[in-house]
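For this one, chain S is given, so just place chains H and Y on it according to the hints.
Residue numbers (my numbering), protein chains in the order written: chain S, 1 to 570; chain H, 571 to 780; chain Y, 781 to 1185.
Quick caveat, the hints were computed from the structure, so don't treat them as lab data. There may be inaccurate statements among the hints.
[Claimed, not checked] SDA-like mimics (lysine to any residue), calculated; alpha carbons at most 25 Å apart, straight line:
{"no.": "1", "chain 1": "Y", "residue 1": "844", "chain 2": "S", "residue 2": "513"}
{"no.": "2", "chain 1": "Y", "residue 1": "844", "chain 2": "S", "residue 2": "430"}
{"no.": "3", "chain 1": "Y", "residue 1": "966", "chain 2": "Y", "residue 2": "1014"}
{"no.": "4", "chain 1": "Y", "residue 1": "901", "chain 2": "S", "residue 2": "145"}
{"no.": "5", "chain 1": "Y", "residue 1": "844", "chain 2": "S", "residue 2": "355"}
{"no.": "6", "chain 1": "Y", "residue 1": "894", "chain 2": "S", "residue 2": "45"}
{"no.": "7", "chain 1": "H", "residue 1": "630", "chain 2": "S", "residue 2": "211"}
{"no.": "8", "chain 1": "Y", "residue 1": "901", "chain 2": "S", "residue 2": "42"}
{"no.": "9", "chain 1": "Y", "residue 1": "966", "chain 2": "S", "residue 2": "42"}
{"no.": "10", "chain 1": "Y", "residue 1": "815", "chain 2": "S", "residue 2": "513"}
{"no.": "11", "chain 1": "Y", "residue 1": "966", "chain 2": "S", "residue 2": "430"}
{"no.": "12", "chain 1": "H", "residue 1": "630", "chain 2": "H", "residue 2": "581"}
{"no.": "13", "chain 1": "Y", "residue 1": "966", "chain 2": "S", "residue 2": "141"}
{"no.": "14", "chain 1": "Y", "residue 1": "1011", "chain 2": "Y", "residue 2": "901"}
{"no.": "15", "chain 1": "Y", "residue 1": "894", "chain 2": "Y", "residue 2": "927"}
{"no.": "16", "chain 1": "Y", "residue 1": "919", "chain 2": "Y", "residue 2": "1141"}
{"no.": "17", "chain 1": "Y", "residue 1": "844", "chain 2": "S", "residue 2": "359"}
{"no.": "18", "chain 1": "Y", "residue 1": "966", "chain 2": "S", "residue 2": "391"}
{"no.": "19", "chain 1": "Y", "residue 1": "894", "chain 2": "S", "residue 2": "254"}
{"no.": "20", "chain 1": "Y", "residue 1": "966", "chain 2": "Y", "residue 2": "901"}
{"no.": "21", "chain 1": "Y", "residue 1": "1011", "chain 2": "Y", "residue 2": "815"}
{"no.": "22", "chain 1": "H", "residue 1": "630", "chain 2": "H", "residue 2": "678"}
[To be verified] Here chain H is said to cover these stretches of chain S; the calculated rule only asks that three of the stretch's residues, wherever they fall, bring their Cβ under 8 Å from a Cβ of chain H:
{"no.": "23", "segment": "317 to 329"}
{"no.": "24", "segment": "335 to 345"}
[What the hints assert, rightly or not] To be clear about the criterion: a stretch of chain Y counts as covered by chain S if any three or more of its residues have a C-beta under 8 Å from a C-beta of chain S, and this derived list gives those stretches:
{"no.": "25", "segment": "809 to 823"}
{"no.": "26", "segment": "860 to 871"}
{"no.": "27", "segment": "1035 to 1047"}
{"no.": "28", "segment": "1079 to 1091"}
{"no.": "29", "segment": "1094 to 1107"}
{"no.": "30", "segment": "1115 to 1126"}
Each residue gets a CB set at the ideal place from its N, CA and C atoms; glycine is no exception.
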Amino acid sequence: MPTRPPLPVALAVAPALAIAVLAAPVGFGLIATVLPAFGWFPALGGETLSLAPWRELLATPGLWRSAAISLAAGLLTTAAALAAVIAFVAGWSHTRAFRAIQHLISPLLSVPHAAAAFGIAFLIAPSGWLMRLVSPELTGFARPPDWLIVNDPWGLAMMAGLLVKELPFLFLVTLAALPQVRSHLHVRTAASLGYGRIAGFVLTAWPLTYPQIRLAVFAVIAYASSAVDVAIILGPTRPAPLAVRLVEWMNDPDLAMRFKASAGALLQLGLTATAILLWVGGERIAAVLLRRLCRSGRRFRREGPARLAAAAVVTAAAAAVFAGLAVLALWSFAGYWSFPDAVPRTLTLDIWRRELPGLTRPLAVTVGIGLAATALAVAIALACLERESRTGERVRGRSPYILYLPLLVPQVSFVFGMQLAFLLAGIGASILAVVLAHLVFVLPYVLLSLSDPWHALDPRYARVAASLGAGAGLVFWRVRLPMLAAAILVGAAVGFAVSIGQYLPTLLIGAGRWPTVTTEAVALASGGDRRVIGVYAFVQMLLPFLGFMIATLVPAVAFMRRRDMRPAGA
Amino acid sequence: MTANLRIERVEISLGERRLIDLSATVAPGAVLTVMGPSGSGKSTLLAYIAGFLEPPFRAKGRIFIGEREITDLPANERRTGLLFQDPMLFPHMSVGDNLLFAIAAGGGHRQRRGIAEAALAEAGLDGFFDRDPATLSGGQAARTALMRVLVSQPQALLLDEPFSRLDADLRGQIRAFVFAEAVERRLPVLLVTHDEADARAAGGPVVVLE
Amino acid sequence: MPMFFRLFLATCLGFVGASGAWALDPSDWPAILAKARGQTVYFHAWGGARNINDYIAWAGDQVKARHGVTVVHVKLDDTANAVAKIVAEKAAGIDAAGSVDLIWINGENFAAMKRRDLLLKPGWAEKLPNWRHVDWRTKPTILVDFTTPTDGLEAPWGMAKLVFFHDTARGLAMPDSFAELVEWAKAHPGRFTYPAPPDFMGSSFLKQALIESAADRSVLAEPAVEGEFEKATAPLFAALDTMHPHLWRGGRTFPKNKEAMRQLLADDEIDIAFAFSPAEASNAIANGELAETVRSFVFSGGTLANTHFVAIPYNAAAREGALVLADFLMSPEAQLRKQDPAVWGDPTVLDTASLPAEYRDAFDRLDLGVATLRPAELGPALTEPHASWMTRLEEEWTRRYGVAN
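Looking at chain S on its own, in the form it has when it is part of the complex:
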């Protein structure tokens, strides 16, 4: 065997660094949640271990109903979003409609959850815009009907809000995975054997694609089962989903509630774990069913309704978000706007004129923190991946899920403990602490979005370069980096968007010293003025959108004259 040149230090330590950056804050945050859950928090007078917080938690009225809603939201929305994505990708790939919707759906990723939820709430409420459009002409309603749509006890509005955000994420993750498994070849083969589009895809390409996106699916389950922002705006109230209630307990003026809140955070953790386990069980069953279908030889040629339904769901999801945002945008220019007017009677720039001056510093802080966290995350991710390529050891292979811990562990269950960790480390409230806290959430997403394209790059390019005399460094800088430039920029844009969306970590760890567009938006949203929410939702969405635009335009311009460097159309 040839001796391998020693690795540069930066590459040698990269995986350890990544694990430290991710696992240490999460791990410590969890410890600082577990101890109070068993009564231990000396600063609040808890100096003995006890089960009292659990007894108190279990005595909470409606606890199991809250938990059931969270569990159902986690599983049902993920299943529905995934089913729609599968049916849509299977039924419509390589069509003009597909490409159109693909372009429509990508920007949805950059819409913050809370903004999307606000938009949807105003769209579907009985006094919302849809009702205003048709009232009183069609409905005869001069005042809004007393219908329970938003905050319904079944959580349907909340699930719809979660669904429209999960769909684009799963869609884009699936799109990224398809070329690696050469799905089109399998689908064509199946078609030539007489299978319908959807059946051909599900029976041949999907079993190969799913393992590639499984982690992203788990992350979606974790998010949906523990979401706070969407649940507050659209979710049930009697009782609210578990995560909402435990944030309320955490914020209760009675500090003794922290103990119960910590126990609740552990319950949330267990609930998310249960959701993922149930999902894994569902995977087994689905695999068996799929195998049976394969062996049955049924062709499923009549798939028109399924195709239409998939297209309808995906289009409706995109349309709902866009319409919601459009209406919020309209609000930001509105004077007094009452039911049943479909548009405000007066339009004014007042709100923008009033809000813009105050936005300068939050914008600068947001961009600064976002760029720093993203740059660090991209550097660490590239170092990990380059190390893999040079040594042949896969980081993922050795510690598969540790790197993705922050995606799978509900934020509310460890972010309070994490705050304590940074304080004890002596970097509380510094911008360094905020950047590191963001890094915890940014790095896994960057790693997730970079590692597939990285591994998909034909290794023969690096071999050719080496045999032409290029050393490992030159291969990295001149071959891998530029060839993956587009993927790296997209990964960076994803990371930037994740950083912009962070609320609790920014507020708690930054001790409020570093106001971002998001912390300002959430604080102002608590004042309930839809017009201010409209302004901030727009700005909050604009930044990640710019990020994605730069990520698309830069490689397109830089490689304008290199046909094979252009992103392949689906």
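Just chains H and Y now, with coordinates in the frame of chain S:
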């Protein structure tokens, strides 16, 4: 300066299965053809010689170019020019930049560009310096790939089924061009193929793997 | 990882650090001013209203210009976030260089922080220069915050009174008591609601209803005890049981807070909203959030009243600067501007009669806005029950109504 490529008792195995057991010497300008069905380990042999063998394969034996042993050298110091069945031109570089990437460092820009232009001319690709590799025809890309290897001044050529993706009429033409260049530069060539026509055209000894 | 281990130990051990000794005496004001110069005060305050944010920014500019104190408004969506920060700092043993210097607070948050020794001691508010104008004689809630004595641990900043508002253009007669409100709700199904406790406004509504419906109000000033609580609240819950089926959405869901409730009024989903600020309606009209025909009203039998304050955490880094800011916020100049409805519209904590003539006249001349009741129209003030009643009320409400059947 030309030298033999010498393969000394190279054994490659996968688990308990011995794939390769080979000793051979390839003279400058000569071609050794290794044939065998897929899975016989013929590409693995090339990977070992070029320095890219990866687990789970295990190998022992020594490789020399002339008196220089390359067995334990990193791939980028072996000077074994490699051609795959795909041209593997770097898609983010122009045709000319692909060649400049291969030319050893040193010399002024003008001199380096001169080498690249001359190589293109030799392959009948005058004026292709600024072209996007994606716009080349199959034959043009194959010739560019060969010229890219040659300007890196290798001491041996390793060919991994380099003609198998080409159209039948083009295949003979490119094959003749590659062998002619190898003979002219007196490079020892190791050709891995499953196409008997390649072996006949190479004209040298043939090793057949099971 | 030694550092990790150290962190772990630190949490396990926890430390109740000695609260920083505080030698400065606010009555030696020049010394406080000297030390405050150059300090940065991180003022943690709810940031949900642009006019209030602007007011805080103005106050910051003033103390910067006059005393060289920089003020940074840390905008919160919930005061509890600042309390959480102080608790975390205490757990981490940060007893002197805390990140919160001044906090906008009252009621339960104050009681909790006082009980946990998280406030700067000894009491300082009554030693501030501008205390001399504070009207603690006729405004008892300045000295007793939700029945918890303030002991000078917080300085009064503004007065609050429960005020209802409605859109007069809808031509509806309004109730004049909680009992009438219950009847009103039955007569106008789906047109009334209140924020779900434990939201502050929702709990305040329950307290208003409790005070009005309790047979014997005197028990409310004492801690709630078993038996008394059930007896005193029985009429209240009977009334709520009657009223709930007639509420907005049939009582199956409740708005999250007063802002959501105000939006419902604007959207014509309900007909009555309420708030703790007499100027709320005028501000919302000026802001384009409510129709110009909205007007305020109170119950002639009286509504809840309380005071909101600023307090300094025990570990504040810029204590002197915080004192200077707290004092400025109590000054006639700052209070006048605060009561101006074009700025904020919050009733002053000062005894305007004791002020120099120029300020007295300025207060008198203030146009409080179309929908704001004059001080004389605000009706009698009902004092808050003991804080334990609120806790028990919230628990009982959640038990009865927190989970839909």
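Here is how each hint holds up against the structure:
no.: 1; hint: Y:844 with S:513; verdict: 18 Å, holds
no.: 2; hint: Y:844 with S:430; verdict: 23 Å, holds
no.: 3; hint: Y:966 with Y:1014; verdict: 20 Å, holds
no.: 4; hint: Y:901 with S:145; verdict: 54 Å, violated
no.: 5; hint: Y:844 with S:355; verdict: 23 Å, holds
no.: 6; hint: Y:894 with S:45; verdict: 14 Å, holds
no.: 7; hint: H:630 with S:211; verdict: 36 Å, violated
no.: 8; hint: Y:901 with S:42; verdict: 21 Å, holds
no.: 9; hint: Y:966 with S:42; verdict: 51 Å, violated
no.: 10; hint: Y:815 with S:513; verdict: 22 Å, holds
no.: 11; hint: Y:966 with S:430; verdict: 55 Å, violated
no.: 12; hint: H:630 with H:581; verdict: 5 Å, holds
no.: 13; hint: Y:966 with S:141; verdict: 21 Å, holds
no.: 14; hint: Y:1011 with Y:901; verdict: 39 Å, violated
no.: 15; hint: Y:894 with Y:927; verdict: 13 Å, holds
no.: 16; hint: Y:919 with Y:1141; verdict: 21 Å, holds
no.: 17; hint: Y:844 with S:359; verdict: 21 Å, holds
no.: 18; hint: Y:966 with S:391; verdict: 76 Å, violated
no.: 19; hint: Y:894 with S:254; verdict: 11 Å, holds
no.: 20; hint: Y:966 with Y:901; verdict: 51 Å, violated
no.: 21; hint: Y:1011 with Y:815; verdict: 54 Å, violated
no.: 22; hint: H:630 with H:678; verdict: 42 Å, violated
no.: 23; hint: 317 to 329; verdict: violated (count 0)
no.: 24; hint: 335 to 345; verdict: violated (count 0)
no.: 25; hint: 809 to 823; verdict: violated (count 1)
no.: 26; hint: 860 to 871; verdict: holds (count 11)
no.: 27; hint: 1035 to 1047; verdict: holds (count 9)
no.: 28; hint: 1079 to 1091; verdict: violated (count 0)
no.: 29; hint: 1094 to 1107; verdict: violated (count 0)
no.: 30; hint: 1115 to 1126; verdict: violated (count 0)
This entry does not satisfy hints 4, 7, 9, 11, 14, 18, 20, 21, 22, 23, 24, 25, 28, 29 and 30, going by the numbered hints stated previously.
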